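Engineer: Chain by chain, the residues run as shown.
Protein chains: 2
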Amino acid sequence: MDDSLTRENTGLMPYLVAASQVVGVAALAVTGAWLSHYRGGFSWDGAEQFNVHPLCMVLGMVFLCGDALLVFRVFRHETKRATKILHGTLHIMALIISLVGIIAVFQFHKKKKIPDMYSLHSWVGIVTFSLYIMQWILGFIMFFLPGVGYALKSRFKPFHVFLGFSLLVSTIATCLLGLTEKMLFSIPEEYSKLPPEGILANSLGLLLVTFGLVIGYILTREEWRRPPLPEEQALSMDFKTLTQGDSPTEP
Amino acid sequence: MDDSLTRENTGLMPYLVAASQVVGVAALAVTGAWLSHYRGGFSWDGAEQFNVHPLCMVLGMVFLCGDALLVFRVFRHETKRATKILHGTLHIMALIISLVGIIAVFQFHKKKKIPDMYSLHSWVGIVTFSLYIMQWILGFIMFFLPGVGYALKSRFKPFHVFLGFSLLVSTIATCLLGLTEKMLFSIPEEYSKLPPEGILANSLGLLLVTFGLVIGYILTREEWRRPPLPEEQALSMDFKTLTQGDSPTEP
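Protein sequences appear in the order of chains A and B.
Following our numbering, the numbering of the first sequence begins with -1 at its first residue and continues without gaps.
Following our numbering, the numbering of the second sequence begins with -1 at its first residue and continues without gaps.
Incorrect hints may have been included.
Computed beta-carbon distance windows for the label pairs [to be verified]:
1) LEU129(B) - ILE90(A): 33 to 43 Å
2) ALA149(A) - LYS78(B): 28 to 38 Å
3) ASP114(A) - TRP134(B): 34 to 44 Å
4) TYR148(B) - ARG37(A): 47 to 57 Å
5) MET115(A) - ARG79(B): 17 to 27 Å
6) PRO113(A) - PRO12(B): 41 to 51 Å
7) ALA80(A) - SER152(B): 29 to 39 Å
8) ALA16(A) - GLU188(B): 45 to 55 Å
9) ILE124(A) - SER34(B): 27 to 37 Å
10) MET115(A) - SER128(B): 43 to 53 Å
11) PRO186(B) - PRO194(A): 35 to 45 Å
12) ALA80(A) - SER201(B): 41 to 51 Å
Computed, partial: chain B to chain A, Cβ under 7 Å [as the list claims (entries may be wrong)]:
13) LEU118
14) TRP121
15) PHE160
16) ALA171
17) LEU175
18) LEU177
19) THR178
20) LEU182
21) GLY203
22) TYR215
23) THR218
Hints are computed from structural coordinates only; laboratory data are not their basis.
This one's a predicted model, so the numbers in the text were calculated from it and none came from an experiment.
Quick reminder that beta carbons are idealized off the backbone N, C-alpha and C, glycines included.
So here's chain A without its partners, still in its complex pose (with noise of 0.2 Å):
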């Protein structure tokens, strides 16, 4: 964490950052010991392929993506731009590694002849990946690519933060429906007596919920914004004189 952190008044932030890393990393790891005590293990081509799947979501889409959104928080005192790649890398491996998730239960449904796209975890899933991927693509070229206007940023901007904190949500959603599904297609008579695997997928649940909420309030604190650096503010200020005859949100 940026040793900045402690130069201005982010009270609770720097505790609940790193708490989330500590709920984060345990929702990983409970995913890691149930897949390989309760469910096999990992590999690719054998029918443990779908193991791959719970894991890779729950790093790329749940871990990584959340991690993506705290950047802005935590690095208060970089230049914007070394924070965007920052989070546009965080970005990176986690599209690359949910991409990995996703072929991997496709080409397990595949194998076994098990039928796609019908469960609600399936669809909501869909959708929320497929907006992702809009979500890469447009914050690409309206933060990455030079030449789009301040005032175009500025008005998109809020509308990549709302989903993208809105995919993070519908994400961790996803992967509950997703453990409810294992939890009745694997151990459809021992689940309601609540065996260890049971107790152990619904901790998952409550774990993964724990990582968005204290994201989510880290992300809504109005007074733990990453503040403009000197030389963002000139620019800002300078945007706001020239726009504030027709912009009627100034006061």
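Assemble the complex: chain A is given as a structure, and chain B must be docked to it using the hints.
Structural biologist: What follows is chain B alone, placed relative to chain A:
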């Protein structure tokens, strides 16, 4: 909707509020139609007692709670007291209706000797409902009982707002889990062939997600916040002047 909405810059907000109501009522109608047409309708004593559960939870914990959150955006020029009473009234209705829904499912399980509280749906649901009760008690003490100081209210409000919206989101996730369970219990063989009931249930899931997204978007747009009335502003300014010295978040 308040006429005065059109007098200030609320942009797309009135349309999004209308959209949230259309989506919310559609979700309620689809829930009712699904349970009536495919699950035998409603009764308190018979086998259909279960069906009271999803209907009450969607009406109470999703629709009414969602609308209770919108109250402070929609009624912008009423007194804060009147708006708070409306917020509280919607939450009283939500609390009673969802309690009926929870009693329905526990009574049904008891009669049918179905185990309780083993699934992720029940775990996330009971945590959400317990926090909702806590939120109710704390919110009532802080914002309705006389004698709580302005400073304490101001510090508590962000937690109340954050927890309120988080509870709506986790309620929606709980509904999706319940829908998935119900499909896998009721039509385990047919679900994978995407029968009309499966399509209806999945669509209901997407409607509930859409309801949460629209409400979330309305609530997170800074510029659509309820502006303080002149008398509230005066009070708030006095408070700021009094506390500026020891309030490190003020610039």
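Engineer: So, for every hint listed, does it hold in this structure?
Structural biologist: Here is how each hint holds up against the structure:
At roughly 36 Å, the beta carbons of LEU129(B) and ILE90(A) sit within the given window of 33 to 43 Å. Distance hint check: the CB atoms of ALA149(A) and LYS78(B) are about 35 Å apart, consistent with the given range 28 to 38 Å. Checked against the hint of 34 to 44 Å, the C-beta distance between ASP114(A) and TRP134(B) comes to roughly 43 Å, which is consistent with it. Look at TYR148(B) against ARG37(A): about 55 Å separates their beta carbons, and that is inside 47 to 57 Å.
Under the hint 17 to 27 Å, the C-beta atoms of MET115(A) and ARG79(B), about 51 Å apart, miss the expected range. Restraint check, PRO113(A) to PRO12(B): a C-beta distance of roughly 43 Å satisfies the suggested window 41 to 51 Å. Evaluation of the 29 to 39 Å hint for ALA80(A) and SER152(B) yields a pass: the beta carbon distance comes to about 36 Å. Checked against the hint of 45 to 55 Å, the pair ALA16(A) and GLU188(B) passes, with Cβ atoms roughly 48 Å apart.
A hinted range of 27 to 37 Å holds for the C-beta pair ILE124(A) and SER34(B), which are about 29 Å apart. Restraint check, MET115(A) to SER128(B): a C-beta distance of roughly 35 Å breaks the suggested window 43 to 53 Å. Restraint check, PRO186(B) to PRO194(A): a C-beta distance of roughly 24 Å breaks the suggested window 35 to 45 Å. Roughly 44 Å separates the CB atoms of ALA80(A) and SER201(B), a value that falls within the hinted 41 to 51 Å.
Interface restraint check: LEU118(B) against chain A, minimum CB-CB distance 4 Å, threshold 7 Å, status holds. The closest approach between the C-beta of TRP121(B) and any C-beta of chain A is roughly 5 Å, which is under the 7 Å cut-off, so the hint is satisfied. Nearest Cβ of chain A to the Cβ of PHE160(B): about 6 Å, under the 7 Å cut. The hint holds. Restraint check, ALA171(B) versus chain A: the minimum CB separation of about 4 Å is within 7 Å; hint holds.
The beta carbon of LEU175(B) comes within 5 Å of a beta carbon in chain A, closer than 7 Å, and the hint placing it at the interface holds. Annotation: interface hint on LEU177(B) holds; nearest CB of chain A at approximately 6 Å, less than 7 Å. Taken as an interface hint, THR178(B) checks out: its beta carbon lies about 5 Å from the nearest beta carbon of chain A, inside 7 Å. For LEU182(B), the suggested interface contact is upheld, since its CB lies about 5 Å from the closest CB of chain A, less than 7 Å.
The criterion of a C-beta within 7 Å of any C-beta in chain A is met by GLY203(B), whose closest approach is roughly 4 Å, and the hint holds. Taking 7 Å as the C-beta contact cut-off toward chain A, the hint placing TYR215(B) at the interface holds, the least distance being around 6 Å. Interface restraint check for THR218(B): the shortest CB-CB distance to chain A comes to about 6 Å, inside 7 Å, so the restraint holds.
Hint compliance for this structure: hints 5, 10, 11 are not met, and every other hint is.
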